[in-house]
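My request is simple: use the sequences and hints to build the entire structure.
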Amino acid sequence: MTVDAVIVGSGPGGATVADVLTAAGWSVVVVEKGRNHLLDPADLTSPASDFSNDEIKFVSRQFLGPDPLVEPRTFRTGEADGDHSHVGDVNSVPSTVGGGGTHADGKVPRFMPDDFRLHSTLGPQPGADVADWPVGYDELEPYYAEVERSVGVAGTDGSNPFAGPRSGPFPMPSGPPMFGATLSIAAAERLGYHPYPAPTAANSVPYDGRPACNNCGFCSYFGCPIHAKGDPLAMLRRAMASGRAELLAETFVSRVRIEGRRSTGVELTGPDGVRRFLAARHVVLAAGAIETPRLLLLSDFDHPLVGRYLMTHFQTLAVGSLPIRTYAERGRAVTHVHDDMIVGDADARAAAAEAGLPWLRGGMVEYSGAALPIMEAKHYPWGEHHSRLMEDSPIRGRLWAFIMQGEDLPYAGNRVDLDPTVRDARGYPVARITYRAGRHELAASEHCGPRLSAILKEMGAEWTAVTTSPGGGNAGSPPGVPESRHNMGTVRMGTDPTRSVVDPAGRLHQLDNVVVADSSVFVTSAGYGPTLTLAALAARAAHLMAASSPVSPNPV
Amino acid sequence: MAAGVPDYIDQLLGAFSFDPPRIWAGGPTSGRHGGAAAFDRFHRLSALEELAWRMRIEGSCGLPEREFNGPVVGLQQRYRNGLAALGEDFCEVGPEERDDRLRSRPDFTDLLFQHSCEGLYGAPEYGGNRDGIGWRSIGFAGDVQPRGWTDAEVSKP
Chain V
1 MTVDAVIVGS GPGGATVADV LTAAGWSVVV VEKGRNHLLD PADLTSPASD FSNDEIKFVS
61 RQFLGPDPLV EPRTFRTGEA DGDHSHVGDV NSVPSTVGGG GTHADGKVPR FMPDDFRLHS
121 TLGPQPGADV ADWPVGYDEL EPYYAEVERS VGVAGTDGSN PFAGPRSGPF PMPSGPPMFG
181 ATLSIAAAER LGYHPYPAPT AANSVPYDGR PACNNCGFCS YFGCPIHAKG DPLAMLRRAM
241 ASGRAELLAE TFVSRVRIEG RRSTGVELTG PDGVRRFLAA RHVVLAAGAI ETPRLLLLSD
301 FDHPLVGRYL MTHFQTLAVG SLPIRTYAER GRAVTHVHDD MIVGDADARA AAAEAGLPWL
361 RGGMVEYSGA ALPIMEAKHY PWGEHHSRLM EDSPIRGRLW AFIMQGEDLP YAGNRVDLDP
421 TVRDARGYPV ARITYRAGRH ELAASEHCGP RLSAILKEMG AEWTAVTTSP GGGNAGSPPG
481 VPESRHNMGT VRMGTDPTRS VVDPAGRLHQ LDNVVVADSS VFVTSAGYGP TLTLAALAAR
541 AAHLMAASSP VSPNPV
Chain W
1001 MAAGVPDYID QLLGAFSFDP PRIWAGGPTS GRHGGAAAFD RFHRLSALEE LAWRMRIEGS
1061 CGLPEREFNG PVVGLQQRYR NGLAALGEDF CEVGPEERDD RLRSRPDFTD LLFQHSCEGL
1121 YGAPEYGGNR DGIGWRSIGF AGDVQPRGWT DAEVSKP
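Same order as they appear, the protein sequences are chains V and W. Quick note on my numbering: the first sequence kicks off at 1 and runs consecutively. Quick note on my numbering: the second sequence kicks off at 1001 and runs consecutively.
These are calculated hints, taken from the structure and not from any lab test. Incorrect hints may appear among the rest.
[As the list claims (entries may be wrong)] Some, not all, of what chain W presents toward chain V, calculated at C-beta under 10 Å:
no., residue
1, Ile1023
2, Phe1039
3, Glu1065
4, Glu1118
5, Arg1130
6, Asp1131
7, Gly1134
8, Val1144
9, Gln1145
Cβ atoms here follow ideal geometry from the backbone N, Cα and C, with glycine treated the same way.
Take a look at the structure:
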């Protein structure tokens, strides 16, 4: 039997495609290499109860996977490092049913209209391949609105002066502001910034059969114990309820079979360890911007740009310690953000000119505290003062932070390919990441870091410090492994088959029935988390698929 | 010691002497703030997860299925080596000598420190943080589901 579509990956991209295609009458098989802790195994239309407020389980022992011992990646900053300089975790997103949607704290901003036309509005950058997207904000807006309703997004209409136009209100009002955010909003506004409640996929009121968030505080890194978070649960359970979807968890796709201009299906290995072939009329790749190019390379798919233009967000973190407690362990991980560092001003233009760059852009700035005691404990030096530091708690108790998701420009040298020697436990070559921030990212970080520190001082911080992730910024630390978990750009979208890998519908230029539905297709990275934009693109790609191809009569 | 850090490390190193292995506590609640005491029901591991955790704890032991990227030294061996290097008289010598010995073995000391942080401030079901003493000492409420926090406790504490 041939299914209408096999979908590789069950995160926000794959789940959205499964939802749209099953609603259109298609039969789909969703393949996920990780375990299912999201849907009740006895009834896949109900949520499971495996998630919990447990720092050891989710942070120290990677319950959501992948385990770097059996599914490692490798890293280097360039060819001068040799084959690789690090083996282990490299910017991994959870390998589990629901993918990155399970561990994220649910900030789901849209991109701004200009994010899709950087080349037209700002022009080129030396060394980078800045290009316009073949899809603009106006064309994507209905799909943004659709996925906001699907996952359930809380926000405040009109609160962000830089936002693009909306066709309708947010599905829910914003949730309660963190106490620390109330202090930082006032300080930021006094300095001329424009903070607003972060559009957040955490229910502020009961929504779509799921409860309101009860502010437990175990959000970033954690699955939601009460399913108040807008992970892909809603899309997956709807797909399952259609009767036209099958979920294959703990199943690894090792090859997309290609014959001429078409794929016939995928080779996969389930928990029994037996490799078999699954025939499909269409193949959808939604494994994320590191695993999707890896799978194309494992499939001997031939295009010189596969894996290139990896972007991850060069993060700048300004931290300060306040004289009072911030109670960051209560409620959402981030409730407020500002976009002023993306929009820029005369100072930013002067900083760009001084750095010899035509322009620079920072990223969305998240207002955040630190919530977790094991993480805090590991930050203090061991010895007799450790327990006193834990009680005084300058980090967990009184720290406030601004985290800027700095826009990474697309450089052909930042890429994913197959490591020449390192294998996963199944025997397949792993993804190797070659990444180094460019002059633009470093200049933007050096410009914005001190300005974020100034807001902390305005809040009354006793001391402040600026670091970057990965290193290489104004903190003086060496370049290293990125930790943003925002991977983008490795299977680029465009109209020219020599300068992009997929067409504006997400379809591979060279294969008529293979679509990429994750952040691999991003042309530029914007300064925002990729989730909502990748889900909107996935919804658009799935609607185009459904419109272009007739429905088969046979359910799974 | 009183907080149960050695018990935390024992339970990790001996995780596979339990069925299911005591790697990941259950969900969604512990019973400490309402709900059922479900943390006690540890998760079963998939074959791939068992391979990973046996490699991490026991090492590769010369088994080809664990050495696809070369030999792996497990936590059990690292503890055996580390404790032997600290000396059998470690508990009898003075505090300065103890610190000197710890500082001369930074790899083992760092491992011990990481596990001590987890054993002090992690959930009690893993063997440490006995009766929540670690959390109480720092004013941390621990796992708070299903109670959570009210909106007022979040915004105006």
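Okay, the hints, checked on the actual structure:
no.: 1; hint: Ile1023; result: holds (6 Å)
no.: 2; hint: Phe1039; result: holds (7 Å)
no.: 3; hint: Glu1065; result: holds (8 Å)
no.: 4; hint: Glu1118; result: holds (5 Å)
no.: 5; hint: Arg1130; result: violated (15 Å)
no.: 6; hint: Asp1131; result: violated (16 Å)
no.: 7; hint: Gly1134; result: holds (8 Å)
no.: 8; hint: Val1144; result: holds (5 Å)
no.: 9; hint: Gln1145; result: holds (5 Å)
Of the numbered hints stated above, those contradicted by the structure are hints 5, 6, listed in ascending order.
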